[in-house]
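**Q** Protein chains in written order, with our numbering: chain A, 1 to 325; chain B, 1 to 508; chain C, 1 to 339; chain D, 1 to 340.
Derived by calculation from the structure, the hints in this document are not laboratory data. There could be a bad hint or two in this list.
[As the list claims (entries may be wrong)] Pairs of lysine-lysine residues, derived as DSSO-like cross-links and limited to a Cα-Cα distance of at most 27 angstroms, are as follows:
1) K211(D) with K197(D)
2) K52(B) with K44(C)
3) K398(B) with K444(B)
4) K277(D) with K131(D)
5) K174(D) with K81(D)
6) K44(C) with K351(B)
7) K131(D) with K262(D)
8) K44(C) with K263(D)
9) K277(D) with K197(D)
10) K174(D) with K131(D)
11) K44(C) with K311(D)
12) K263(D) with K81(D)
13) K174(D) with K145(D)
14) K131(D) with K145(D)
15) K313(A) with K139(B)
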Amino acid sequence: MSLPARRKFIPLLATALALAALFTTASLLYPGFCSRLVVANLFADNAALGISAVGMTYVIISGGIDLSVGSVVAATSIVAATLIGRHGWHPVPVIALSLLLGLLFGLGQGLLIQRFELPAFLVTLGGMFFARGLAFAVTPESAGINHPFYDWVQALRLPLGGRAGLPATALLFLAVFVVAAAASHLTSFGRNVYALGGGADSARLMGLPVAATRVAVYGLNGFASALAGVVATFYTGSGNPAMGAGLELDAIAAVVIGGALLTGGVGFVEGTLLGVLIFGTIQSALVFDGRLNSWWLRIAIGLLLLLFILLQKWISGRAGAARAE
Amino acid sequence: MNESPRELLRARGIEKSFPGARALDGVDLTLRAGEIHALMGENGAGKSTLIKILTGVYPPDGGVIEFAGQPISPRSPRGAEELGLSTVYQEINLIPTLSIAENIMLGRQPKRFGVIQWPALRRQAARALERLGLQLDVKRELGSVSIALQQMVAIARALDLQVKLLILDEPTSSLDEQECAALFAVLKRLRGEGLAILFVTHFLDQVYAVADRITVLRNGALVGEYETARLPRLELIGKMLGRPVEAVSAARKRPDAVAGERGTAAGPTFLEATGLGRRGAIHPLDLAVGTGEVVGLAGLLGSGRTETARMLFGIDPADAGQTRVDGRTVRLRSPREAIRHGFGFCSEDRKTEGIAPNLSVRENIILAAQASRGPWRRLGRTEQMQIVEHYIRALNIKTPSPETPIRNLSGGNQQKALLARWLALQPRLIILDEPTRGIDVGAKADVERLVDSLRERGLAVLFISSELEELTRVSGRVIVLRDRRKVGELTGDFDENRVMRMIAQPHE
Amino acid sequence: MSEPGQKPRGASVGARLRWPALSLAALLLFNWFFSPTFFHLEIKGGYLYGTIVDVLNQGSKAMLLSLGMTLVIATGGVDLSVGSVMAIAGAAGALLVTRTHLPFGVIAPICLGAGGALGVANGLLITALRMQPIIATLILMVAGRGLAMLLTGGQIITFEQPSFVFFGNGHFLGLPFTTTVVALAFALTLWLTRGTALGLFLEATGDNETASRFCGAPTAFIKTLVYGFSGVCAATAGLIATANIKAADSSRAGEMMELDAIFAVIVGGTALTGGRFTLAGSILGALLIQTLTTTLYNLGLPPAIAPAPKAVVVVAACLLQSAKFREWTRGLVGRKAAA
Amino acid sequence: MPFFAALLAASTVLWSGCGKSNETPTAAAPPAETSAPAAAAPASAEPKSSLRSFTMGFAQVGAESAWRTAETESIKAEAEKRNVNLKFSDAQGKQENQIKAVRSFIAQGVEAIILAPVVETGWEPVLREAKQAKIPVVLVDRGIKVNDDSLYATLIASDFVAEGKLAAEWLAKKTDGKAVIVELQGTPGAAPAIDRKKGFEEGIKAYPGMKIVASQSGDFRRSGGKEVMEALVKVHPELTAVYAHNDDMALGAIQALEEADKKPGTDVIVVSIDGVKGAFEAMAAGKLNCSVECNPLLGGFAFDAAGMAIKGAPVAKNTVVPDRVFEQSQAAAELPNRKY
């Protein structure tokens, strides 16, 4: 295949290679890093981030952005925790309710963006502050969840041999990933999202449901954030209004490292998975090393971002050349 | 051409007005199955409005459209497509980041249980392209193929539906000869299949190469419908420009005195370009403008006039030939450099390249002058007001106050303000691209008077206009362009008629 | 962002200042009734003393940031990195003052220079590499915080150097010195934008970049410049934040400040789509946000919930700028404005 | 898609490569053996010569206060001394990060984990995993809420409630039970914040003359303490005492009080908790009246307990670190031997 034909896969390959390289290096440096347990942990520990990153992928492919993710996670977690812990509701209805709220919140943002042509950046910035404030208004303290249902779910494990096993949350993350990836390739909604990001006006003239798609994308991301919040409550067995601060940035970083263009139209849910894994690998490598400090993570992520964006600039440059030939 | 032509589409008395402008005034259009029909007209003729009405982008204010015998009123491009009319717009409306196959099939992918069947999709796309005689890797990303191919993909998308009428809005504006030839081959093939093709273009040769019949519009009104074979080029041009040939030939010649004066008054050459050209924009041409001379660039829309201007001003720098200013060879790679050499360029596209809409008239006028002084040597408030008030008076710009946001002004006054912007720069050469487009008669007169006075003050002026009468009246010398080529130059004693003949003469 | 924004219609400076001024007035009125001590002013130890003064003092950081952010947004961009730059400048300042014992008069310019350099780097990413402002500055936002922590080794670095401390805690003309800093910065910015032609080029670039380029306006230079300026403002704010508590806390300094700054600018009536800008409006916006926080302190509400009302205010501000929204309904505009 | 190929390739390589090595940490054998490879590892800072070398993980909250850094230093130093290969992780105040850290400690097969929990709730799942992996967890400086306290080996911490009480009683003594108090709370929801508030309130119950007129969170930060105090001193100019949940906030508050033209230490009695060096300096300068020490030097206790737990020897469930009350009078004398 010629470069132009496949150029949009290059960032993806680069990401995959980067991940492989990172993991191999870490495995050589740190004994026991290259173990099923660590690999399993990558999924277990980053389930919440992963789910919101998957949602964010759709938003970014559609040419938008959503900064409210982290706060929605926090709000969901604390609402769920208080309803279950303090008011003694059963988790199942509570979870259903939180997901619904997340969906509505996202749809609301989408409507403001679509209907009044407000910049997504600003609307979701507002959403971010609003949800965070809300979370603290519910209760400033973290609230524990002690419920047989939670214990049962937390006990679920898909054994991978050794002590390694995938908890329910990790499986949920993988399920979300598979569904989202499939949908992005195999449903007209998925393709319309790409078209929307690739050129909203053209999409409109092609007779595609631009407005509905845009609103739906934000709605879905709200839902994904809420789901991530629920996952977080299972991960920690509690809710915390301070949870997920800066999660949106990690998610965006993961998406971009995964080969998506913030200008929209280009990106892969699969790439996002790789981005999340890279994120997790660096994080646990730092812990394995045990001497480096956590801020190296931020610096590394920043550099990776720069690297991948430059890579994409270079590729689109090549594309221009290819056209000129 | 097939015998016993049956009418596919009859549009009668189509009317459309926009706030402040009457775009279409009772226009008729008749299209037959199995014909290629050219829709011609200069700017503001109403071509695009008519197309947008046919394809349901706008609802018409009046008139009826019959399609295949049924009265129709498409409410959206989608609706029109379902009826069997589909359009390929000039600026290709596809998604460059998606694959060719997907661009063809988007919105109607073959599905099973809501799941897109990619192999089937690619097969269908490939088939659609084969219909145009194209073999492409449909997995390729659209953005990575040439504009011409993108055009073909757009056509393929349009054809993939059960289309009876294909509308092509300036499909060739960005194609070179071979690409055009390929396109025309496709169009003829489709005509053979009994499709009706409505074809908007500015290239005469192309019209005479493929079109069976021609409908000419001018200023939103129907001029007429003609068999191409029976309509000489000269007449066509006359109809497009609204200057019936006989009238033209009878047209009063400019007093020779004036002509003579203009012939001689030209001082030393200020700008001299030799073999200057840019790939894909304008073929290499020679061009010279003297101080105190007005040189007209004549030609139909899309003949390369604006391209020439942009090239000279360094917006799309030349990639061939050389430019001499005052006899010294210079390279103009950016507007800044051009301005430094004393150029000014009043763009034809007032909205996107001219005004800063939310800034005041004052700011818009002094912008260029200030830019040439750099950020630190700010024009004092009083200096600014002197300049601004001087030009408001000199060009009688009608504005409530110099501080009014320029977007609140009428087109004509915006245009004058932009002229003022460049004059405030004290340029030595000013390029005026369609300075009288879309402005009222009074303003037009003002502009013409201004150009004359500039010439008298020893400026070099390059004047671009589609209105040949105006052009010939203003210029002492006219360079004629056709299909992105310089086809000739007229000096001394000339009139619109000769210009039109020159435009009209077929490719040698 | 790819979503279309709206330029404010008929936006004379007065009209732009109306909403922020009204909202601020409303908030002050609220305080008039519900926290009587709010307007209490007196002279203590030779300088003015009262809640209002605190608002000015604590608002100084947001005000400084909003000055730079206004210019950035006027070009149609945005600078997410200011918070991290604050942290970096603060950390650098504290390090220099504790390690080298150079006079503050030397240290300050170094820190501001560093901030400016980082800003220019942003600008180059945007102009030379044509990156979207939001992503270009996001990189520095993420990496910069790490850089700051790297400098301080994650520690809180305390110092007592008088002149540095004065920068954040001193008083001048009976007011906190920070107020003077803001005043000077405001004056400087005002001069840069209105005293030179930079402001004209800036607004022209933001309003119609193509036209400006055709006029020979140095659009790329301008864009790079404003990010550099934003960096300097951020560095100044960082030094104040650090001096204020006599300690560099690189993990928390300037956290979320970028958002406050953007809020201030938008609320102040400068459209995110660029073009016309108003520095006074941004200052008002910053004061509005600070007053909000202080009000919550006074009411004994946890400051953690402050974001919620902020969000309402800013979304309202955006809606007021949205032509679509005006078309939709005018009645609602009135109600929202009260929010 | 080529990407799938790449991922597949990567993962298969990884899997096959991992087959063998993943037994190293998973072997639930006596520590001695598991630690050997760890010690031999290139990354390990340990000299190979050391006969008995533990690998232990320390999941720290962050570096938000001087007290915190002192605690970190103490534990790192102790590790040096005992020649333990310490894996340090700083969660930047996020529980998510801390849980991740603990889980990857488990994955590394460390012998013991020291955890300074950022919040009280939400630890069951991860601690259960530690328990399954037979890795003892030593909690330092604050407790957690768990139903099953076998999830951790021991808690080594000061009694925050007691600290609050001590502060209250000292203040009562100092002001003979009459005080208008402004309270600066720690981070909302943090255990010390909750308990120190609780303890203090219990402490002043006995004295009707002492009442808290305002209680606001300063987030355990200097800047927080300063900003909040600036606001509250104006709302309650009548205040006679300040009770801060930690020294950093107190130091910030002192600045605010001085700007308010009050004399902290004389007009306004300032009591705080932790006893960091800065606090002693302030006391020596007469601006802070009293600091209830909350000893961060837990290294010794922590490693003793960890050592016992690893050997399987019984460990006291709750080791309370003795806290002392320091007044201005002692400050000058004590200052030189403050390590933090």
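**Q** Hints first: check each against the structure and report whether it holds.
**A** Results of checking the hints against the structure:
The straight-line distance between the Cα atoms of K211(D) and K197(D) is roughly 13 angstroms, inside the 27 angstroms bound, and the hint therefore holds. Among the hinted pairs, K52(B) with K44(C) is inconsistent with the structure: their alpha-carbon atoms are about 74 angstroms apart, more than 27 angstroms. Between the alpha carbons of K398(B) and K444(B) the distance comes to roughly 14 angstroms, so the proposed pair stays at or under 27 angstroms and holds. Restraint check for K277(D) and K131(D): not satisfied, since their Cα atoms lie roughly 38 angstroms apart, outside the 27 angstroms limit.
Of the pairs offered as hints, the one joining K174(D) and K81(D) is violated, with about 42 angstroms between alpha carbons and a cut-off of 27 angstroms exceeded. Of the pairs offered as hints, the one joining K44(C) and K351(B) is violated, with about 59 angstroms between alpha carbons and a cut-off of 27 angstroms exceeded. This hinted pair does not check out: K131(D) and K262(D) have alpha carbons roughly 54 angstroms apart, beyond 27 angstroms. Pair hint K44(C) plus K263(D) holds up; C-alpha atoms about 12 angstroms apart against a cutoff of 27 angstroms.
Note on K277(D) and K197(D): the hinted pairing holds, with a Cα-Cα distance of about 23 angstroms set against a maximum of 27 angstroms. For the proposed pair K174(D) and K131(D), the alpha carbon gap of about 48 angstroms is over 27 angstroms, so the pair is violated. Distance check on the hinted pair: K44(C) and K311(D) sit about 64 angstroms apart at the alpha-carbon level, beyond 27 angstroms; violated. Under the criterion of a C-alpha separation no larger than 27 angstroms, the hint pairing K263(D) with K81(D) is inconsistent with the structure, at around 44 angstroms.
Of the supplied pair hints, the one linking K174(D) and K145(D) is violated, its CA atoms being roughly 35 angstroms apart against a limit of 27 angstroms. This hinted pair checks out: K131(D) and K145(D) have alpha carbons roughly 16 angstroms apart, not beyond 27 angstroms. As the CA atoms of K313(A) and K139(B) are separated by approximately 22 angstroms, the hinted pair is consistent with the 27 angstroms bound.
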